[in-house]
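At position 87 of the sequence shown the residue is numbered 87 (my numbering), and the sequence of numbers has no breaks.
Source of the hints: derived by calculation from the structure; they are not laboratory data.
Keep in mind that the hints are not guaranteed to be accurate.
Claimed, not checked - Listed below are the simulated SDA-like cross-link pairs for lysine to any residue, each with C-alpha atoms no more than 25 Å apart in a straight line:
no. : residue 1 : residue 2
1   : Lys-27    : Asp-126
2   : Lys-138   : Ala-66
3   : Lys-138   : Pro-55
4   : Lys-138   : Asn-78
5   : Lys-138   : Asp-104
6   : Lys-138   : Ser-72
7   : Lys-27    : Asp-110
8   : Lys-138   : Gly-102
9   : Lys-138   : Leu-113
10  : Lys-138   : Ala-46
11  : Lys-27    : Ser-145
12  : Lys-138   : Met-150
13  : Lys-138   : Glu-105
14  : Lys-27    : Lys-138
15  : Lys-27    : Gly-58
16  : Lys-138   : Thr-112
17  : Lys-138   : Ile-149
18  : Lys-138   : Asp-110
19  : Lys-27    : Pro-55
20  : Lys-27    : Gly-43
All values reported here derive from a predicted model rather than from experimental measurement.
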Amino acid sequence: MKQKRLAAHLLAAAMLLSACGVASGGKHLAVYRAVAAPYRNGGELAVAENLFLSPGVGIINAAISAFNAESSDPGLENPLPYGGRILGYELNGGELRLEAEGCDELGGFDLTLLCCCAVLTFCAIDGIETVSIISGEKSLCSLLSPGDIMLTDISA
């Protein structure tokens with residue numbers, strides 16, 4: 001009986017601690033990742049990885065850090081090319097312009113996947129309606145919104 005009571009108390013304490021983390025200003029963000037090639041089976045090509053963002057950091061900067069980071073899930077990959085990363089941003093009304101490096105050579109499928117993951121991730125933030133990505137002198141995508149995206153692997 002004591003073990004059941006102890007387990008109930010531990011569960012209640014864990015719930016209180018997790019509620020404190022959310023109440024202290026931390027936020028959850030769905031960061032979209034590319035499904036790794038071995039896991040593509042005719043379904044989704046991009047999947048949300050739900051991450052907890054630390055309080056005290058601006059939401060867009062926290063989202064950029066999370067987007068630049070590698071996934072903890074082996075079935076998901078960062079859509080940025082090796083050595084590529086988002087450096088910063090400009091927000092003008094609902095238009096978010098991301099400045100990237102190391103993405104100049106992207107094209108075709110990989111470029112489409114990067115743009116889609118970025119748009120789905122950043123447009124989930126309140127107030128952001130469209131996303132553009134610039135890498136060096138090259139515009140990778142311009143004023144895309146989630147309504148512009150449909151990612152389905154039909155090759156299988």
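Right, here's what the structure says about each hint:
Only pairs whose Cα atoms come within 25 Å are accepted, and Lys-27 paired with Asp-126 is accepted, the gap being roughly 12 Å. A threshold of 25 Å between alpha carbons decides the hint, and for Lys-138 with Ala-66 the separation of about 23 Å falls inside it, so the pair holds. A threshold of 25 Å between alpha carbons decides the hint, and for Lys-138 with Pro-55 the separation of about 34 Å lies outside it, so the pair is violated. Note on Lys-138 and Asn-78: the hinted pairing holds, with a Cα-Cα distance of about 20 Å set against a maximum of 25 Å.
For the given pair, Lys-138 sits about 6 Å from Asp-104 by alpha-carbon distance, which is consistent with the 25 Å threshold. About 30 Å separates the Cα atoms of Lys-138 and Ser-72, which puts this hinted pair outside 25 Å; it is violated. This hinted pair does not check out: Lys-27 and Asp-110 have alpha carbons roughly 29 Å apart, beyond 25 Å. The hinted pair formed by Lys-138 and Gly-102 meets the criterion: a straight-line CA distance of about 11 Å does not exceed 25 Å.
Between Lys-138 and Leu-113, the direct Cα distance comes to roughly 17 Å. Compliance with the 25 Å bound is thereby established for this hinted pair. Pair hint Lys-138 plus Ala-46 holds up; C-alpha atoms about 24 Å apart against a cutoff of 25 Å. Among the hinted pairs, Lys-27 with Ser-145 is consistent with the structure: their alpha-carbon atoms are about 22 Å apart, no more than 25 Å. With a CA separation close to 23 Å, the supplied pair Lys-138 and Met-150 stays within the 25 Å bound.
For the hint pairing Lys-138 with Glu-105, the CA-to-CA distance comes to about 9 Å; that is within 25 Å, so the pair holds. In summary, the hint linking Lys-27 to Lys-138 is not supported, as the alpha carbons are separated by about 32 Å, beyond the 25 Å threshold. With a C-alpha separation of about 11 Å, the suggested pairing of Lys-27 with Gly-58 holds against the 25 Å cut-off. Restraint check for Lys-138 and Thr-112: the C-alpha separation of about 14 Å stays at or below 25 Å, so the hint holds.
With a C-alpha separation of about 21 Å, the suggested pairing of Lys-138 with Ile-149 holds against the 25 Å cut-off. Note on Lys-138 and Asp-110: the hinted pairing holds, with a Cα-Cα distance of about 15 Å set against a maximum of 25 Å. Annotation: proposed proximity of Lys-27 to Pro-55 holds, straight-line Cα distance about 7 Å (limit 25 Å). Straight-line distance between C-alpha atoms of Lys-27 and Gly-43 comes to about 29 Å, which puts the hinted pair past the 25 Å bound.
In summary, the structure is inconsistent with hints 3, 6, 7, 14 and 20 from the numbered list given earlier, while agreeing with the others.
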